[in-house]
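Undergrad: Each chain, letter by letter, is given below.
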Amino acid sequence: MSTAKQRKRKEHRILFFALALVIVIPALVMILRLTSSSPLYPVGESYYNLHLVRFLGQNPSLATDPIQRSVYEPNPYHYLLTFLYTLLPVEAVSLFLPIVLGLACALLLFKLLKLIKVKPNYAAYSIVILSVTPVFIALSTGLYTAAFTMLLSLLATVLILDKKMLSQVFGALSLIILALTSLTGFILTIGIILFLSLALKKVKKTLRTLVFSLIISIIISIPLTLLTNYTPRILGFHSFAFRNVFSILNAEYGFSVFLLILFLIGFIVLWINDKDKVRKLFHLPVLLLVVLSFFNTVARVYASFIITFYCVVAIIYFYKRRWHLKIVRQGTLLLILCSLLFSSLNQINLLIDAQPDKDMLDALLFLRPAGSGDVLTLEENGFLVEFYSYQRVLLDSNSFLNQEYPQMKDDVQALFMVTRLNDAEPLLTKQDVRYILITPYMKEELWESREQGLWFLVKHSESFDKIYKEAEIEIWKYLGVPELEG
Amino acid sequence: MKKKKMKRKDKEDKKNKRNKKNIKNNHRKKAGKISREYIFIILLFCIVLGARLAMVLSDEGFDYNAYNTLRQAEHIKETGVPLFKDPLSYSGRTTTFPPLFYYVLALFSLVLPLTLVAKLIPSIGFASLVLVIYVIARYTTKNRIAAFIAAFFAGFVPIIYTTLDQASVYSLSLPLIFLLSYTFLRIEEKGFAMWSIILIVLLLLTHTSVFILLISFLVYFLILKLGRHKINIKEVEVTLFLLFLALWFNLLLYKKAFFLHGVTFIWQNIPAPLLSSYFMELSFIGVIYAVGVIPLLLGVYAVYHTLFKTRNKAASLYISFALISFMMLWLKLIPFTTGLLFLSMNLIILSASSTKLVLVNLSKTKKPGLSKIAIILIGILFILTTITPLISTLTLTTTKPPAQDLHALEWIKENTKETDVILGRAEEGFLITYAAERKNVADNNFMFIKNINQRYHDVNSLFTLRLKSEAIRLTSKYDIDYVLLSTKSMGEYGINTLFYAEEDCFEVVYDKDALIYEILRCEVE
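Chains as they are written, first to last, in the working numbering: chain A, 1 to 486; chain B, 1 to 525.
Treat the hints as calculated values from the structure; they're not laboratory data.
This one's a predicted model, so the numbers in the text were calculated from it and none came from an experiment.
Ideal Cβ placement from N, Cα and C applies to all residues, glycine included.
Just so you know, not all the hints are guaranteed correct.
What the hints assert, rightly or not - From the structure, some residues in chain A lie toward chain B, with a derived Cβ separation under 7 Å:
{"hint": "1", "residue": "F240"}
{"hint": "2", "residue": "F242"}
{"hint": "3", "residue": "R243"}
{"hint": "4", "residue": "I248"}
{"hint": "5", "residue": "W323"}
{"hint": "6", "residue": "L325"}
{"hint": "7", "residue": "G331"}
{"hint": "8", "residue": "L335"}
{"hint": "9", "residue": "S339"}
{"hint": "10", "residue": "L341"}
{"hint": "11", "residue": "N398"}
{"hint": "12", "residue": "L401"}
{"hint": "13", "residue": "N402"}
{"hint": "14", "residue": "E448"}
As the list claims (entries may be wrong) - Simulated crosslink set (SDA-like; lysine to any residue; CA at most 25 Å straight-line):
{"hint": "15", "chain 1": "B", "residue 1": "K234", "chain 2": "A", "residue 2": "E448"}
{"hint": "16", "chain 1": "B", "residue 1": "K230", "chain 2": "A", "residue 2": "R322"}
{"hint": "17", "chain 1": "B", "residue 1": "K477", "chain 2": "A", "residue 2": "T419"}
{"hint": "18", "chain 1": "A", "residue 1": "K409", "chain 2": "B", "residue 2": "K255"}
{"hint": "19", "chain 1": "A", "residue 1": "K326", "chain 2": "B", "residue 2": "M194"}
{"hint": "20", "chain 1": "B", "residue 1": "K468", "chain 2": "A", "residue 2": "W447"}
{"hint": "21", "chain 1": "A", "residue 1": "K443", "chain 2": "B", "residue 2": "R228"}
{"hint": "22", "chain 1": "A", "residue 1": "K326", "chain 2": "B", "residue 2": "L204"}
{"hint": "23", "chain 1": "B", "residue 1": "K450", "chain 2": "A", "residue 2": "N349"}
{"hint": "24", "chain 1": "A", "residue 1": "K326", "chain 2": "B", "residue 2": "K255"}
{"hint": "25", "chain 1": "B", "residue 1": "K225", "chain 2": "A", "residue 2": "F464"}
{"hint": "26", "chain 1": "B", "residue 1": "K225", "chain 2": "A", "residue 2": "N349"}
{"hint": "27", "chain 1": "B", "residue 1": "K255", "chain 2": "A", "residue 2": "E448"}
{"hint": "28", "chain 1": "A", "residue 1": "K280", "chain 2": "B", "residue 2": "R228"}
{"hint": "29", "chain 1": "B", "residue 1": "K477", "chain 2": "A", "residue 2": "W447"}
{"hint": "30", "chain 1": "B", "residue 1": "K477", "chain 2": "A", "residue 2": "F464"}
{"hint": "31", "chain 1": "A", "residue 1": "K443", "chain 2": "B", "residue 2": "L474"}
{"hint": "32", "chain 1": "B", "residue 1": "K234", "chain 2": "A", "residue 2": "N349"}
{"hint": "33", "chain 1": "B", "residue 1": "K255", "chain 2": "A", "residue 2": "W271"}
{"hint": "34", "chain 1": "B", "residue 1": "K255", "chain 2": "A", "residue 2": "S239"}
Hey, can you work out the whole structure from these sequences and the hints?
TA: This is the structure:
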């Protein structure tokens, strides 16, 4: 009895430690960003969501993005954010919401692992691994739809796999909201629930709930599609590139190389040690998901959560097995620890150093009252300009949804490389460019820190006026187009 | 009774004495055999070393790439740390590399001149392969003669002589890699596990080629599994340790390079026009030329024999090592010469198994003396088939800078400012930084350089351009102060002078075989 109690206490201790990590790591990133006078969130989707919250608060039935003048597709996450921002203090929501979402995801993953009969200490250790996963750290330090998708997905899975009727109803509700948030996430979740219910031999019950939520989702999405700009789309697919997959190469939602190796070892250990041939097959879909995750961002987020369990299996296997060479055992375990530390520190470092910093913020705020006009800058800076400067940009990270995207991208690329005014003018006029925002990163990446391309042109042409230069950030105004009023 | 007892005692004493004598004699005989074995192999080592040194020391100078090694070693000698932040290369850049080889050279340069050390240590390193291969072949075949023949092959295989003037890092990494494979095979025995760990650490600090061995270990386990051999758990443990340590260390070391170049990091960011000369198409003739016909045939036969007949565990490791070297060569994932170095050494180790097979089978015939003839025949055939490739290797692979070019660089060192940037071909970059101690525009270390293709193209264009305005634009782009038109560059581009070099903008300041132009800052309308 006492040993059972002790075991339970130990499990609670591990879980407490894991949850502390889940809170501390993202909080650390945010605090370090704030102490360096940088805005709270790293560049990316967070600013798009915040930008929309501003307008959804004024007009909940928003149809077009007032700044970007692009079609707005309603998303439950934006409405949740709007609701929270109107209800609670802005600072509190900004600071705590990503952490709370991360914490909820971690707890739900723990619950799910226990539900599928994973030993409680393995489940708790999985949360420890999750807390140092690059994807999790990234998701818990900003306002990302993927984090909300993951939360809904885990919630739906846990509730639908539960025996109680009420839980199943709430599970179905979560699935429906998920369908409206991310169709890719919805499909993946249905697949996961089906697979888990098959493994737990609960197919009949869950199938009923799944079919019900599927029908309701379709019923809701038809009028939504007809009446609003909502378009059901399976997003997140991209061609395979190491840059998209590994966090070390600065992938947005990337795997840690070490965690992937640990996953493979854990997978092999489970495969070899499982004597039941049928049960063995249940590990195969996980491998398929990992393969799919090399080509899809949403699948990568899901895979990052799932592989934590396999990593734990691998680490515990290394820890518990009888090593013939003690020094190698200690060395290997130490290296695993170092590698986990390395991958999480690498991600933390990337997030702390990510734009916008104070200098960028100053430049963006300077652009706000400068008079309206389209801004030419890097695609990844698009959301920042829209949020802080209230200006329209040529390209942002959502522009790929537009039909003219390939042409616009070609034009922007051509503009960055152009050195003759005669070549630049038609493109500037065609794209209606008024301002050019040049950052140190652009100088380094596009022009190798040498005055060439558009940087050379703006410096040596009278058609451009430098209106801002601080800390190597330059804003140029194109004088070729007559000033617009209002 | 007493007499009888005495007699018996005497007899026993005599017997004991005889036994002791026999044991002593046996020991002496054994010692004689061991020492003879050692004498032969050390003699072979000395011959190989002597041959290498005779060739290396016969004339001064190094391969173009070796000047980077010299500079690194010199810097370590002076400051204790390698040149990770190089102010001269690419007019200032940061780079990372495992520095052990440079430290070894710097250490020996404390007692001998660096230029001598840079010839001596690599020669000793490559010659030591004879000893390493002998030890491995002896262990895998348990046959002294077969092992000695393999060591002989290793000493004179043509590909080894492509490295003569290079002060190559492989002179340290190759013996270390093969020693590691040897300690790995004997890991069950006392002390070998510790040696494996020490060698792993040394290898990681020397070169990234440890990954080839790591993949080979994985293939080796696969071969063992397929052959239903029992996998040694200690071998698995060491492999796991190596996997994590190698990954962790290299990710730490090359994090920025991964970040910058992505997966093209494997090809060392080599410019596209040069890529085909580093990562060449694998041809059968090329392999024969580099490895030699006899080691190749014997090695290939050993692969067949091991996989389908004997299933020798130790040989399986070298089969997987050879297989991985071959695959990487074929897929162009490894520089051609490096790949051939690995492939040839593995085939030579494997060839010992075939040689042993020939010798054992011949000794079982009615004329056991045939085995001696076979040894001589193998030796003669090896010499006959490698002599031509060896000579062509020795004559064709000399990529040393001519003395005239070195004089020109000496002039630059004495007559230009320390901050001046000198344009030379990328191949001459290391030489410019070492001999002239001036900034270059490009050299053969392409890692961490952005838009390398553009830069490489610009450097080459500056030797072949006809348009003055474009030349001025490029010289100002890279802040070039002097252009070195070496005799080698003249031959390379088929020119005697720069076409665009008109007196108003380009002044010839040195004209003795090689030419040096000073860039006069003039505006182009």
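Undergrad: State the violated hints by number, sorted upward, taking the hints as numbered earlier in the document.
TA: 1, 10, 11, 12, 13, 15, 18, 21, 24, 25, 26, 32 and 33
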